[in-house]
Amino acid sequence: MNARRTYADFKVFSRSYLRNKVALFFTLFFPVLLILLFGEIVTSSNTTVDLTVQNLDGNTNVSAQFLAALNHTGVLSLSFVPPSAGNLSKYMAAHDLTAGLVIPAGFSQAYLQKKVVSLVLYTDPGSPSTTGVVQGAVGGVVNYFNLNASGAHPIVQVTGEDVGSQVYTYLDYLTPGLIGFSILTSPMFSMVNIIAEYKKERIFKQISLTPLTKAEWLTSKILWYFILTFIAAFIIMGVSYGVFNSHVTLTLLALPFLFVGPLLFVALGMIAGAVAKTPESAAVIGNLITFPMMFLAGTFFPVQSFNPSLQAVAHVLPLYYVIDGMNNAMILHNTGQALFDLAVTSVIAVIFFIIAILVFPWREE
Amino acid sequence: MASAISAQGLEKTYGELRAVDGLSFDVEEGTIFAFLGPNGAGKTTTVEILEGLRRATAGEVKVLGLDPWKQADALHHRIGVIPQEFRFFDKTTPREAIEYYATLFDKKADADELLRKVELTEKAESYFDTLSGGQKQKLGLALALVNDPPLLFLDEPTSGLDPHARRAIWEVIKEAKRGGRTVFLTTHYLEEAELLAERVAIINHGKIIAEGSPEEIIREHGTADRLVLEGPPALADHLAKTLGLPVHRENGKVVIEMSDKRDVARALEEADRSGLGWTSVSTARDSLEDVFVRLVGRMEEGVVRSGR
Ligand SMILES: Nc1ncnc2c1ncn2[C@@H]1O[C@H](COP(=O)(O)OP(=O)(O)OP(=O)(O)O)[C@@H](O)[C@H]1O
Ligand SMILES: [Mg+2]
Chain A
0 MNARRTYADF KVFSRSYLRN KVALFFTLFF PVLLILLFGE IVTSSNTTVD
50 LTVQNLDGNT NVSAQFLAAL NHTGVLSLSF VPPSAGNLSK YMAAHDLTAG
100 LVIPAGFSQA YLQKKVVSLV LYTDPGSPST TGVVQGAVGG VVNYFNLNAS
150 GAHPIVQVTG EDVGSQVYTY LDYLTPGLIG FSILTSPMFS MVNIIAEYKK
200 ERIFKQISLT PLTKAEWLTS KILWYFILTF IAAFIIMGVS YGVFNSHVTL
250 TLLALPFLFV GPLLFVALGM IAGAVAKTPE SAAVIGNLIT FPMMFLAGTF
300 FPVQSFNPSL QAVAHVLPLY YVIDGMNNAM ILHNTGQALF DLAVTSVIAV
350 IFFIIAILVF PWREE
Chain B
0 MASAISAQGL EKTYGELRAV DGLSFDVEEG TIFAFLGPNG AGKTTTVEIL
50 EGLRRATAGE VKVLGLDPWK QADALHHRIG VIPQEFRFFD KTTPREAIEY
100 YATLFDKKAD ADELLRKVEL TEKAESYFDT LSGGQKQKLG LALALVNDPP
150 LLFLDEPTSG LDPHARRAIW EVIKEAKRGG RTVFLTTHYL EEAELLAERV
200 AIINHGKIIA EGSPEEIIRE HGTADRLVLE GPPALADHLA KTLGLPVHRE
250 NGKVVIEMSD KRDVARALEE ADRSGLGWTS VSTARDSLED VFVRLVGRME
300 EGVVRSGR
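If you read the sequences in order, they're chains A and B. When we follow numbering that gives the first Met the number 0, the leftmost residue of the first sequence carries the number 0, and every step to the right adds one. When we follow numbering that gives the first Met the number 0, the leftmost residue of the second sequence carries the number 0, and every step to the right adds one.
Derived from the structure by calculation, the hints contain no laboratory data. Even for Gly, the Cβ is constructed at its ideal location relative to N, Cα and C. Heads up, a few of these hints could be off.
What the hints assert, rightly or not - For each label pair, taking beta carbons as the anchor points, the in silico distance ranges come out as:
1. D49/A <-> D89/B: 53 to 59 Å
2. R115/B <-> L27/A: 35 to 41 Å
3. R14/A <-> S212/B: 43 to 49 Å
4. R14/A <-> D105/B: 16 to 22 Å
5. L27/A <-> T129/B: 24 to 30 Å
6. T129/B <-> P291/A: 34 to 40 Å
7. D161/B <-> L27/A: 39 to 45 Å
8. F29/A <-> E174/B: 49 to 55 Å
As the list claims (entries may be wrong) - What the simulated footprint calls covered on chain A by chain B, stretch by stretch (three residues with Cβ under 8 Å from a Cβ of chain B suffice, anywhere in the stretch; the number is not a length):
9. 197-205
10. 208-221
Produce the entire structure from the sequences given, and follow the hints as far as they go.
Listed below in structure tokens is the structure:
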């Protein structure tokens with residue numbers, strides 16, 4: 000292994016890469032697009048549900064308190080229609096509304112006299128999530144008023160838990176997931192292609208006539224993907240942290256994964272490209288290897304949320320250990336598990352590197 | 000003089016196909032040796048065996064005293080190669096490519112000088128994928144020279160080049176020879192072989208069918224020198240009778256196949272004496288191309304016949 004030759008090859012390769020705008024886009028901006036997209040989806044599901052209220056009770060004290068309590072739940076955003084609008088369910092149908100509440104006339108009086116009185120809640124069976132939120136919130140407030148009216152005290156209380164923390168937990172997991180996605184896809188998509196192309200164009204034969212060795216060639220590719228991975232990881236972390244306030248910390252233990260990960264997938268990409276006979280079949284083989292990992296290794300969805308058989312599948316995917324390791328290092332701070340993942344990843348990477356060198360098509364026969 | 004390349008009974012088979020079928024030849028140091036042959040003759044296969052890129056099925060090869068397959072690494076420091084249809088990294092410029100090769104070979108290379116030599120200075124900063132076919136080929140030649148090798152393998156270096164570019168490459172090849180290098184060249188262009196090479200081997204179906212200097216090959220396989228007269232048909236009959244040499248008519252001309260230089264004087268004398276009148280006179284001889292076409296053609300016929 001000669002450093003001067005490796006560096007010369009690194010220079011030529013990285014320059015070509017930087018001059019190829021499409022490859023660069025996919026490596027650096029695609030994961031950012033993904034995190035923005037996923038972050039947007041999970042945070043937008045955090046907004047409140049609209050509830051249309053028709054108050055037939057007039058401006059009474061009790062109905063005002065009741066509405067204030069509904070407002071206070073924080074999950075409803077109230078809008079009002081006047082009694083003159085007529086039947087609320089017809090009004091809702093006409094205006095495409097999914098949740099409505101009618102406060103009947105005499106509500107206040109009945110409440111003060113502790114007489115049974117009914118609120119009418121209209122919900123749309125077509126949007127179960129809205130229905131659930133509305134029924135939960137209205138039911139909660141009704142319970143509170145019932146308890147109050149009977150003079151009882153609540154026994155069981157729920158202390159306020161920020162709904163947000165759960166949302167961000169998903170984003171936290173998404174960060175190592177997307178770093179893993181980038182570790183997987185940027186070498187796999189380009190290496191498979193490059194190998195098949197170089198083989199077809201006989202560029203490997205050309206290079207094999209120089210003193211550059213296979214190991215030097217492969218090492219220079221790995222070096223370049225280290226750099227790309229680091230840049231992508233910092234961009235992804237920056238977006239996740241800056242835009243979505245996620246709680247990932249870049250611990251020392253996360254760094255080895257940014258080295259071993261690219262090593263593993265550059266070698267795997269090389270194997271896939273080497274065994275393929277044509278660039279077309281190389282693309283197919285590359286996709287067959289890449290796609291299951293893109294979705295099942297914990298990139299977009301935590302593996303813990305899978306059913307047991309899918310979890311078993313995830314455990315044979317090399318990327319799973321990369322992502323699981325980063326989760327343990329960056330979020331869960333579970334050093335033992337992270338070290339285990341690192342060991343698994345390193346062993347696979349070394350095996351793939353050796354296989355890659357062995358199957359590499361430097362010259363014919 | 001010592002041999003730069005020596006091959007004995009070289010063979011390469013692909014399944015049933017004998018791409019190289021028992022080749023034996025020697026290339027002397029400091030000479031240009033040309034391999035001539037039609038498409039699929041086995042030229043590239045042979046060259047790549049000599050370069051250590053393919054393994055021979057059978058036979059003995061020594062290139063610069065090395066076994067090309069087993070001692071490929073040592074050999075590659077000492078040879079320069081243009082493969083047939085040279086390709087390189089798309090987004091790399093000729094200057095960068097030369098610097099890359101120079102670092103790989105640990106040689107000081109003057110990129111400007113090399114680019115000037117192959118007339119590529121204008122394109123020094125253009126990406127490889129924007130170069131024309133001929134410009135790519137020129138870069139291939141420049142790269143083959145980076146490590147200052149004593150032996151060059153050029154597989155169809157001038158294919159697809161315009162006449163001017165072809166001459167530029169010829170100049171570089173001639174200069175390489177003047178510098179004491181050995182050149183192994185394959186080509187379809189017979190004038191190229193005739194012009195550059197001391198020795199030529201004509202190869203077809205993996206076999207050498209003629210070998211020697213262009214002069215020797217023409218003498219051995221070409222037809223006799225011919226005297227061509229312009230005159231009436233009766234003149235042909237007269238000369239055939241009086242000279243005792245083969246005479247025939249071709250495109251309205253009388254063609255006499257001579258066996259000796261002095262036949263010229265005899266023939267002209269007889270022509271005068273006949274009183275039939277003749278106008279222009281010229282001599283003709285086979286070119287390497289005529290020989291090539293005849294030899295390869297004859298071999299194809301032979302193959303077809305034996306195939307029945
Ligand atoms: N890798 C291979 N597998 C199978 N057959 C091959 C292989 N390489 C060459 N051949 C066959 O060997 C024969 C010689 O091929 P080669 O490339 O040496 O010809 P060539 O003389 O260089 O022709 P050209 O002038 O067209 O370049 C051809 O019939 C070709 O099809
Ligand atoms: Mg060829």
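Here's how the hints hold up against the structure:
1. D49/A <-> D89/B: 53 to 59 Å: holds, 56 Å
2. R115/B <-> L27/A: 35 to 41 Å: Between R115/B and L27/A, where Cβ atoms are some 39 Å apart, the hint holds.
3. R14/A <-> S212/B: 43 to 49 Å: holds, 47 Å
4. R14/A <-> D105/B: 16 to 22 Å: Taking Cβ atoms as reference, R14/A and D105/B lie about 21 Å apart, which means the hint holds.
5. L27/A <-> T129/B: 24 to 30 Å: Given a distance of about 25 Å, which is inside 24 to 30 Å, the answer is holds.
6. T129/B <-> P291/A: 34 to 40 Å: Between T129/B and P291/A, where Cβ atoms are some 39 Å apart, the hint holds.
7. D161/B <-> L27/A: 39 to 45 Å: holds, 43 Å
8. F29/A <-> E174/B: 49 to 55 Å: Given about 51 Å between the Cβ atoms, the range holds.
9. 197-205: With 5 residues in contact (Cβ-Cβ under 8 Å with chain B), the coverage given for the region 197-205 of chain A holds.
10. 208-221: Check passed, 4 qualifying residues.
The structure fails none of the hints (numbered hints given earlier).
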